[in-house]
Structure formats: structure tokens, C-alpha cells
Amino acid sequence: AQSVTQLGSHVSVSEGALVLLRCNYSSSVPPYLFWYVQYPNQGLQLLLKYTSAATLVKGINGFEAEFKKSETSFHLTKPSAHMSDAAEYFCAVSFKAAGNKLTFGGGTRVLVKP
Amino acid sequence: DVKVTQSSRYLVKRTGEKVFLECVQDMDHENMFWYRQDPGLGLRLIYFSYDVKMKEKGDIPEGYSVSREKKERFSLILESASTNQTSMYLCASSLRGWQPQHFGDGTRLSIL
Numbered sequence: 019a020q021s022v023t024q025l026g027s028h029v030s031v032s033e034g035a036l037v038l039l040r041c042n043y044s045s046s047v048p049p050y051l052f053w054y055v056q057y058p059n060q061g062l063q064l065l066l067k068y069t070s071a072a073t074l075v076k077g078i079n080g081f082e083a084e085f086k087k088s089e090t091s092f093h094l095t096k097p098s099a100h101m102s103d104a105a106e107y108f109c110a111v112s113f114k115a116a117g118n119k120l121t122f123g124g125g126t127r128v129l130v131k132p
Numbered sequence: 348d349v350k351v352t353q354s355s356r357y358l359v360k361r362t363g364e365k366v367f368l369e370c371v372q373d374m375d376h377e378n379m380f381w382y383r384q385d386p387g388l389g390l391r392l393i394y395f396s397y398d399v400k401m402k403e404k405g406d407i408p409e410g411y412s413v414s415r416e417k418k419e420r421f422s423l424i425l426e427s428a429s430t431n432q433t434s435m436y437l438c439a440s441s442l443r444g445w446q447p448q449h450f451g452d453g454t455r456l457s458i459l
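Protein sequence lines, in the order shown, are assigned to chains D and U. Each residue of the first sequence is one higher than the one before, counting from 19 in the working numbering. Each residue of the second sequence is one higher than the one before, counting from 348 in the working numbering.
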């Protein structure tokens, strides 16, 4: 079965510093990959998605992610953190063979220090 | 913009009660999903539906059932609520296939 691992349940960054959130998946077939963000007391909002086109994917709010097949990774980055980026981030994967159901990682909570 | 509306933001029920969580989407999406979210475990799929009157079990269906009588509405039912079902419940919908899922704001359910 497919799985998703997010390294680090909590990440603390200074305002203006690089944000790097790590996501690795296990699969022998090409996946669809997603990053979602969840602000307090809200549902999940799609940040970006990879669907086998360009390996570098740009999303909303200045985030981007790179699909690396050889490393089975889809890490999320943002060059300069803003206070409004404080939230929980989820990586998710789906496969055509699995009926396109989403499997989520455990989430990474980002704290931004002034 | 897609809007997925969950009927309650907060709900408190007692052990043994039958509990209904309602979800409505306004974009004619084919697919609808119910997840529960627990700290450190991410989101886990309870049930999903690809069409009216159709349902499929997710990863943790035990203790739950669902109903989809109309395309826009997907209900999650806790047949006999237990304290281990205290959680955040999230509903989502997607157009079809691999299209991204759109989420409601969640229902925080407490079973006492």
C-alpha cells in the first residue's frame, strides 16, 4: 500500500528565512502529489499539485515543490517565510490504481518567529 | 469557488447516541469523501462516494456508515457513538478522478 512520510511534525523558522518541508512517498508507479495547508479552525486548502507535467510546481502564496522520482520526494519550499505562513501543512498522494483516493502524511506544523 | 459546507462546526453528543454529520457541496462534483483528523495521524479516510447512492469503505470505516441520496449531499453516520470517535471530521469533494479535493471547515465532535 502507498504511504506518505513527512519528516518533522514541527518546524520553526524565522520571518524571512527559507521554509523547507519534507515529504517522501512509497510507490512503484507514478503518483499524483499534493500539498495542502490548514490554518487554525479551518479545513484544508490546496497549495499545489503535481500531475506528471513539469517536475517543479508553483503554487499559491509563493510556495513551490519539486518532484524527484529517484528520491521519491516532493519537498515544499518558500524562499522567505511570512508570519501568515504559520499553519499546518499536509502532503498527500493518490494513484490511479487506488481509485485516486488520497493518502495523507502526518502533517508538519510551521511556527514563524518574528 | 467551490464551497463545501458542513452543517456544524462543533458538536457534543453522548455515548451510544446516533450521530449525523452533514456535508453539502455546490459544484456538481462527482466524488465526496469523509475523513477524520487526529493529531500526529494526519487525515484518515472513513468512506467515500463516486456517485449517488454509491459508497466505498476507506481505511477506517468501522463504527461509521454513510448516505448519499443526492449528488450534492453526503452524510456520515455514527451508529452508536463512542468516546474514541471524538475527533475532527472533514468532508471533501472533487470533480472526478485525480482532480484536487476541496474541503469543508470541519466538525469538531466530542463524545462524552
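These are computed hints drawn from the structure, not numbers from a lab. A couple of the hints might just be wrong.
What the hints assert, rightly or not - Taking lysine-lysine pairs in the DSSO-like style, the calculated list, with each CA pair at most 30 Å apart, reads:
#1 D:Lys-67 x U:Lys-404
#2 D:Lys-114 x U:Lys-400
#3 D:Lys-119 x U:Lys-365
#4 D:Lys-114 x U:Lys-402
#5 D:Lys-119 x U:Lys-418
#6 D:Lys-86 x U:Lys-417
#7 D:Lys-67 x U:Lys-360
#8 U:Lys-402 x D:Lys-131
#9 D:Lys-119 x U:Lys-417
#10 U:Lys-365 x D:Lys-114
#11 D:Lys-76 x U:Lys-417
#12 U:Lys-402 x D:Lys-67
#13 U:Lys-402 x D:Lys-76
#14 D:Lys-76 x U:Lys-350
#15 D:Lys-76 x D:Lys-87
#16 D:Lys-67 x U:Lys-365
Unchecked claim - Label pairs and their computed distance ranges (CB to CB):
#17 U:Arg-455 x D:Lys-87: 37 to 43 Å
#18 D:Leu-74 x U:Ser-429: 29 to 35 Å
#19 D:Lys-87 x U:Phe-367: 42 to 48 Å
#20 D:Thr-95 x U:Val-349: 23 to 29 Å
#21 U:Ser-355 x D:Leu-74: 39 to 45 Å
#22 U:Thr-430 x D:Glu-84: 17 to 23 Å
#23 D:Leu-38 x U:Val-349: 26 to 32 Å
#24 D:Pro-58 x U:Ser-429: 32 to 38 Å
#25 U:Ser-429 x D:Val-47: 33 to 39 Å
#26 U:Glu-364 x D:Thr-73: 48 to 54 Å
#27 D:Pro-132 x U:Thr-430: 36 to 42 Å
Predicted model only: the values in this text are computed from it and were never measured. No residue lacks a Cβ here, since even glycine has one placed at the ideal position from N, Cα and C.
Going down the list of hints, with the structure as the test:
no., hint, result
1, D:Lys-67 x U:Lys-404, "holds (25 Å)"
2, D:Lys-114 x U:Lys-400, "holds (22 Å)"
3, D:Lys-119 x U:Lys-365, "holds (27 Å)"
4, D:Lys-114 x U:Lys-402, "holds (18 Å)"
5, D:Lys-119 x U:Lys-418, "holds (18 Å)"
6, D:Lys-86 x U:Lys-417, "violated (41 Å)"
7, D:Lys-67 x U:Lys-360, "violated (37 Å)"
8, U:Lys-402 x D:Lys-131, "violated (45 Å)"
9, D:Lys-119 x U:Lys-417, "holds (21 Å)"
10, U:Lys-365 x D:Lys-114, "violated (35 Å)"
11, D:Lys-76 x U:Lys-417, "violated (36 Å)"
12, U:Lys-402 x D:Lys-67, "holds (26 Å)"
13, U:Lys-402 x D:Lys-76, "violated (34 Å)"
14, D:Lys-76 x U:Lys-350, "holds (23 Å)"
15, D:Lys-76 x D:Lys-87, "holds (17 Å)"
16, D:Lys-67 x U:Lys-365, "violated (38 Å)"
17, U:Arg-455 x D:Lys-87: 37 to 43 Å, "holds (38 Å)"
18, D:Leu-74 x U:Ser-429: 29 to 35 Å, "violated (46 Å)"
19, D:Lys-87 x U:Phe-367: 42 to 48 Å, "holds (44 Å)"
20, D:Thr-95 x U:Val-349: 23 to 29 Å, "holds (27 Å)"
21, U:Ser-355 x D:Leu-74: 39 to 45 Å, "holds (41 Å)"
22, U:Thr-430 x D:Glu-84: 17 to 23 Å, "violated (43 Å)"
23, D:Leu-38 x U:Val-349: 26 to 32 Å, "holds (30 Å)"
24, D:Pro-58 x U:Ser-429: 32 to 38 Å, "violated (27 Å)"
25, U:Ser-429 x D:Val-47: 33 to 39 Å, "holds (37 Å)"
26, U:Glu-364 x D:Thr-73: 48 to 54 Å, "holds (50 Å)"
27, D:Pro-132 x U:Thr-430: 36 to 42 Å, "holds (40 Å)"
In this structure, the hints that do not hold are numbers 6, 7, 8, 10, 11, 13, 16, 18, 22, 24, in rising order.
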